[in-house]
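Asker: This is what each chain is made of:
Protein chains: 4
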Amino acid sequence: MLRLTAMKMHNLLPLSRAEFVAACHPDGILLPDQGCHHYGLIVQYEDTDAGGIVYHAHYLNYAERARSAVLRAGGIHLGARLRSTGEGIIIRQVEARYHAPAQLHDQIIVVTRLEQLKRASLRLAQHIISPETGLIFARLLVEGVWVNKKYAPCRFPDDVREIITHLSVAGEGTA
Amino acid sequence: MLRLTAMKMHNLLPLSRAEFVAACHPDGILLPDQGCHHYGLIVQYEDTDAGGIVYHAHYLNYAERARSAVLRAGGIHLGARLRSTGEGIIIRQVEARYHAPAQLHDQIIVVTRLEQLKRASLRLAQHIISPETGLIFARLLVEGVWVNKKYAPCRFPDDVREIITHLSVAGEGTA
Amino acid sequence: MLRLTAMKMHNLLPLSRAEFVAACHPDGILLPDQGCHHYGLIVQYEDTDAGGIVYHAHYLNYAERARSAVLRAGGIHLGARLRSTGEGIIIRQVEARYHAPAQLHDQIIVVTRLEQLKRASLRLAQHIISPETGLIFARLLVEGVWVNKKYAPCRFPDDVREIITHLSVAGEGTA
Amino acid sequence: MLRLTAMKMHNLLPLSRAEFVAACHPDGILLPDQGCHHYGLIVQYEDTDAGGIVYHAHYLNYAERARSAVLRAGGIHLGARLRSTGEGIIIRQVEARYHAPAQLHDQIIVVTRLEQLKRASLRLAQHIISPETGLIFARLLVEGVWVNKKYAPCRFPDDVREIITHLSVAGEGTA
Numbered sequence: 006m007l008r009l010t011a012m013k014m015h016n017l018l019p020l021s022r023a024e025f026v027a028a029c030h031p032d033g034i035l036l037p038d039q040g041c042h043h044y045g046l047i048v049q050y051e052d053t054d055a056g057g058i059v060y061h062a063h064y065l066n067y068a069e070r071a072r073s074a075v076l077r078a079g080g081i082h083l084g085a086r087l088r089s090t091g092e093g094i095i096i097r098q099v100e101a102r103y104h105a106p107a108q109l110h111d112q113i114i115v116v117t118r119l120e121q122l123k124r125a126s127l128r129l130a131q132h133i134i135s136p137e138t139g140l141i142f143a144r145l146l147v148e149g150v151w152v153n154k155k156y157a158p159c160r161f162p163d164d165v166r167e168i169i170t171h172l173s174v175a176g177e178g179t180a
Numbered sequence: 006m007l008r009l010t011a012m013k014m015h016n017l018l019p020l021s022r023a024e025f026v027a028a029c030h031p032d033g034i035l036l037p038d039q040g041c042h043h044y045g046l047i048v049q050y051e052d053t054d055a056g057g058i059v060y061h062a063h064y065l066n067y068a069e070r071a072r073s074a075v076l077r078a079g080g081i082h083l084g085a086r087l088r089s090t091g092e093g094i095i096i097r098q099v100e101a102r103y104h105a106p107a108q109l110h111d112q113i114i115v116v117t118r119l120e121q122l123k124r125a126s127l128r129l130a131q132h133i134i135s136p137e138t139g140l141i142f143a144r145l146l147v148e149g150v151w152v153n154k155k156y157a158p159c160r161f162p163d164d165v166r167e168i169i170t171h172l173s174v175a176g177e178g179t180a
Numbered sequence: 006m007l008r009l010t011a012m013k014m015h016n017l018l019p020l021s022r023a024e025f026v027a028a029c030h031p032d033g034i035l036l037p038d039q040g041c042h043h044y045g046l047i048v049q050y051e052d053t054d055a056g057g058i059v060y061h062a063h064y065l066n067y068a069e070r071a072r073s074a075v076l077r078a079g080g081i082h083l084g085a086r087l088r089s090t091g092e093g094i095i096i097r098q099v100e101a102r103y104h105a106p107a108q109l110h111d112q113i114i115v116v117t118r119l120e121q122l123k124r125a126s127l128r129l130a131q132h133i134i135s136p137e138t139g140l141i142f143a144r145l146l147v148e149g150v151w152v153n154k155k156y157a158p159c160r161f162p163d164d165v166r167e168i169i170t171h172l173s174v175a176g177e178g179t180a
Numbered sequence: 006m007l008r009l010t011a012m013k014m015h016n017l018l019p020l021s022r023a024e025f026v027a028a029c030h031p032d033g034i035l036l037p038d039q040g041c042h043h044y045g046l047i048v049q050y051e052d053t054d055a056g057g058i059v060y061h062a063h064y065l066n067y068a069e070r071a072r073s074a075v076l077r078a079g080g081i082h083l084g085a086r087l088r089s090t091g092e093g094i095i096i097r098q099v100e101a102r103y104h105a106p107a108q109l110h111d112q113i114i115v116v117t118r119l120e121q122l123k124r125a126s127l128r129l130a131q132h133i134i135s136p137e138t139g140l141i142f143a144r145l146l147v148e149g150v151w152v153n154k155k156y157a158p159c160r161f162p163d164d165v166r167e168i169i170t171h172l173s174v175a176g177e178g179t180a
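Chains as they are written, first to last, in our numbering: chain A, 6 to 180; chain B, 6 to 180; chain C, 6 to 180; chain D, 6 to 180.
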């Protein structure tokens, strides 16, 4: 059932091997016409635990890597900006639902969509999915805030804002 | 304001140094009369990121360490049980709200309370707090499921269930 | 000076952007004629610490991801094999020298070469390098042992052994 | 055999439960008369991997926590100092030998001794041991350098130097 839901929600049929490899580009793949971003990765030893599955907190890492990749896809290097201005995103809230356990060396796709974009904050829906089966491993709702070097919220820079708007179809998420 | 809330919710006045050190016991401290468990730790280099603060996913680790400590406080060694029976807890849902950033080598107390206990699942409220100021760093709601070696839900063993019930005052959380 | 050394040792001139992206393939790139394997990655938030640089232990993770990628490049899925036979590699020794700090969102190439291959163990030289400048961030010597499910050393399977031999030029490393 | 070696090297007979708990103090326990420092911890889920044992890179984390604890035992708060002066220790070299795998929820003692202390650098021997059996899980040799905010080596502050000298018997390590 979760598998069907995944397909419906994202029109994400199982991806071909070539599509998965393409999504492993360091910037992932921005799909503005679908209003989302795909980021591919492999489950590594460091991600698993003695239960034989991905340790639950590591899905948050996968989602973070995808968010950084979205910005890189728009030419934005968060690391350099942090060092020069002290600005960046801090996470205010995460809701994570775990549906199926991913295992060592599984292929993963993080699908990122915009739910809401405000002056200094945003909410993203990030689904962590098997490209081979369409199975959802986990669904995350993440709220982030753009902050200055004193961790005070401040307006998104224009270039950051612009790239983020590509994560929703026809501005739906920004109403 | 968050600080006041923290104190009200837990009657957790700033802890003395001795109380913090006591909570750093490998099993933490079970406080059945207060219906909660305290687990003390120090923010380590590995927990921080280039923003100078604790990386958001690591608060989930702190909460997990506290949960394992609760069971150890009840004489239950989850690792040995996992190896002998394949049973253990998997996490089904986490909601994390981040209120203030913890920094390198800060002292931390994880306060764990039971919100709901069912046949095979439970929901815990876990607050991650500064023992020095009472400031809340993060609040987590965590749902876990007791599963067998095939990751299928199964009834909590009696000894596990018993220790968990100490995490709520007068069975409030279990109604 | 370290930069020159890197170029000399590996003939690794700064890589083009396209070459870096190619090395980010989930299997990396096996270069049998050069007797090595390239694995590309990006430094993520989770990898950095409050000092603003990659936390030293995480270079061992980068090296591990590269080793798993080598085997995937040879069609070997270590995760599946672990689950079916209980066999896999455990690490016996690591020597890591840190030369220059990598920073958030830096590009990284892990260059893996074979130093020695025995019946049940191997020693790899893994250099962690900037593809943009050729600068060496860290050099690792890693000894691993193929073990059964009881962690007892056993002979490398033939398919694993074969792919490993591609990591040295003309069998140099295996003498 | 490794177990005997451990005992000989450190006179570390299996520790009592009370001794282990005492070493779990956030500062560990400085034993100047034995020229070493003990730091106790528990193996957590986050430390293990799908092989059922502690992931090899995490032993470096255990050693780092012990080093920070040594300084805290001397009243030095590295985090506050980093934020105020930008100074701190970076790791130049690690040699890690893995002897026996630690498992989920095992008790661990990190025994830290000074091998060499120079103007701006030091070399520590850190043994990661089971307090229950004296078994050595891993032995690390770690070289660190005191650096300023530009990562340039600079002289150890006097208070840091003083606490470090307690890690060797009669100045042996400092010759």
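A couple of the hints might just be wrong.
Not close to chain C: a few residues of chain D, all C-beta gaps over 12 Å, as computed [unchecked claim]:
{"#": "1", "residue": "R22"}
{"#": "2", "residue": "A27"}
{"#": "3", "residue": "P31"}
{"#": "4", "residue": "G40"}
{"#": "5", "residue": "L76"}
{"#": "6", "residue": "I96"}
{"#": "7", "residue": "A105"}
{"#": "8", "residue": "V150"}
{"#": "9", "residue": "I168"}
{"#": "10", "residue": "T170"}
Partial selection, computed: residues in chain A whose CB lies under 10 Å from chain C [to be verified]:
{"#": "11", "residue": "F25"}
{"#": "12", "residue": "V26"}
{"#": "13", "residue": "N66"}
{"#": "14", "residue": "E69"}
{"#": "15", "residue": "A105"}
{"#": "16", "residue": "L109"}
Calculated directly from the structure, the hints in this document are not laboratory data.
C-beta atoms are modelled at their ideal positions from N, C-alpha and C, and glycine is treated no differently.
Asker: Each hint should be assessed against the structure and marked as holding or not.
Answerer: Okay, the hints, checked on the actual structure:
With a closest Cβ-Cβ approach of about 27 Å to chain C, R22/D is found to remain outside the 12 Å limit, as its non-interface label requires. Here A27/D stays apart from chain C, with its beta-carbon at least about 27 Å from theirs, past the 12 Å limit. No beta-carbon of chain C comes within 12 Å of the beta-carbon of P31/D; the shortest separation is about 18 Å. Interface exclusion of G40/D from chain C stands, the closest Cβ pair being 25 Å apart, more than 12 Å.
Annotated as non-interface, L76/D keeps its C-beta farther than 12 Å from every C-beta of chain C; the closest such distance is 15 Å. A beta-carbon of chain C is positioned within 12 Å of the beta-carbon of I96/D; the least distance is around 4 Å. Here A105/D does not stay apart from chain C, with its beta-carbon only about 9 Å from theirs, under the 12 Å limit. Distance check for V150/D against chain C: the nearest CB is about 9 Å away, which does not clear 12 Å, and the non-interface claim fails.
Here I168/D stays apart from chain C, with its beta-carbon at least about 20 Å from theirs, past the 12 Å limit. With a closest Cβ-Cβ approach of about 24 Å to chain C, T170/D is found to remain outside the 12 Å limit, as its non-interface label requires. Look at F25/A: its Cβ gets to within about 8 Å of chain C, closer than 10 Å, so that hint holds up. The beta carbon of V26/A is positioned within 10 Å of a beta carbon in chain C (closest approach about 6 Å), and the interface hint is therefore held.
Because the closest C-beta pair between N66/A and chain C is about 5 Å apart, less than 10 Å, the hint holds. At a threshold of 10 Å, the smallest CB-CB gap from E69/A to chain C is about 6 Å, leaving the interface hint in force. Here the hint on A105/A is broken, as its CB sits about 16 Å from the closest CB of chain C, past 10 Å. At about 3 Å, the closest approach between the beta carbon of L109/A and any beta carbon in chain C falls short of 10 Å, and the interface hint on this residue holds.
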